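Chemist: Sequence:
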Amino acid sequence: MTLNRNTRIAAVVAFLAIVFVVVPAAISSSGRFDLYYTLTSVALLSIASAGVWLTFYIGRINIGQGAYALTGGYVSAILVMNHGWSFWLTLPVAGLFCAGASVLIGLPILRLRGVYFAMVTLVLTEVARLLALALPITNGAKGIVSIPLPGALSVFGITLIPDFATLQNSRLAFYLLAVTLMVVCFAVMYRLVNSRIGKLCQSLQQNEELASSIGVNIAYLRVIAYAVSSFFGGVSGAIFAAISQSIYPSSFTVTDSVNFMLNCFLGGLGYVFGPMLGTLVLYFGWDLLFQTGQFQLLIYSGLMIVLMLVLPNGILSLAEMTRKKG
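Note that numbering that gives the first Met the number 0 has the sequence shown beginning at 0, numbered continuously upward.
Don't take each hint at face value.
[What the hints assert, rightly or not] Taking CB as the label site, the calculated pair distances span:
no.: 1; residue 1: 195; residue 2: 155; range: 50 to 60 Å
no.: 2; residue 1: 293; residue 2: 33; range: 18 to 28 Å
no.: 3; residue 1: 31; residue 2: 129; range: 50 to 60 Å
no.: 4; residue 1: 160; residue 2: 11; range: 15 to 25 Å
no.: 5; residue 1: 150; residue 2: 32; range: 15 to 25 Å
no.: 6; residue 1: 91; residue 2: 114; range: 27 to 37 Å
no.: 7; residue 1: 286; residue 2: 80; range: 29 to 39 Å
no.: 8; residue 1: 301; residue 2: 155; range: 56 to 66 Å
Simulated from the structure, these hints should not be mistaken for lab results. Only a predicted model underlies this, so the values are computations on that prediction, with no experimental measurement involved. Every residue gets a Cβ at the ideal spot worked out from N, C-alpha and C, and that includes glycine.
Generate the whole structure from the sequences, applying the supplied hints.
Modeler: What follows is the structure, encoded as structure tokens:
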């Protein structure tokens with residue numbers, strides 16, 4: 000038990016050293032500063048995917064995370080552009096707004112199961128896009144552009160985070176922000192899954208009727224898990240809007256929602272850190288296949304099918320399979 004705990008601590012320390020020290024140093028020495036945007040995107044997509052993974056954890060197939068990412072991006076952009084709010088204040092507000100909306104939406108739809116819940120959530124992303132096109136506050140198809148970079152964050156006169164506009168390399172700042180939130184997100188996920196609430200959520204995945212018969216408030220747990228999931232989506236969408244300094248109705252589509260789900264499948268639904276690995280592999284894998292031209296989608300689809308057949312529990316299950324063989 001102690002060995003396992005020490006191994007986990009060493010793995011966490013190594014991971015933090017890589018993302019906060021090794022990666023910036025390698026990019027700085029190579030001069031490939033464009034990689035900051037790529038890795039920032041991976042970190043933010045993994046946060047949104049983590050939310051989808053959490054709904055899988057309660058036995059629901061969520062294909063609507065794009066709706067909350069789009070909503071979070073618009074909430075942050077509107078508050079910054081129309082009301083002069085600080086980006087740092089809009090970040091939690093965007094997440095909380097999405098969480099609140101998900102509670103209202105989730106109360107009726109979380110009663111559905113399997114493909115029925117998946118179909119409803121799939122529609123949510125398209126509904127969010129159509130609302131963004133129709134509502135005057137979102138500027139329709141023109142979107143919201145020229146969003147200023149995040150300003151300084153000060154507490155009691157002490158500047159904790161400098162104004163991004165004054166930095167020589169704002170991409171590095173966004174990268175550090177994204178990976179910090181990613182680390183916090185997955186730490187929260189790990190703690191939640193290994194808590195009493197996490198064990199109760201796992202019981203929903205296995206048998207809701209049995210869980211209800213022993214006194215588990217399944218409706219409460221479903222709504223809480225869905226709210227946390229949507230919070231992650233809203234926060235990631237808000238940061239995406241700040242990075243691109245714009246937000247459009249097409250910024251997050253049904254395809255993005257499907258990809259969030261695929262990230263979870265590819266990494267491993269049985270592992271908390273599955274969405275992180277799945278996002279990394281899927282993002283870079285798709286870019287590598289770009290060289291194949293018109294065969295990109297065909298090869299990508301074929302590889303995904305093969306991976307699902309060979310590794311039905313995701314890439315992270317490789318370690319467990321190796322351990323069992325050893």
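Chemist: Against this structure, judge whether each hint is valid.
Modeler: Checked hints:
no.	hint	result
1	195 with 155: 50 to 60 Å	violated, 37 Å
2	293 with 33: 18 to 28 Å	holds, 25 Å
3	31 with 129: 50 to 60 Å	violated, 39 Å
4	160 with 11: 15 to 25 Å	holds, 24 Å
5	150 with 32: 15 to 25 Å	holds, 22 Å
6	91 with 114: 27 to 37 Å	holds, 34 Å
7	286 with 80: 29 to 39 Å	holds, 32 Å
8	301 with 155: 56 to 66 Å	holds, 57 Å
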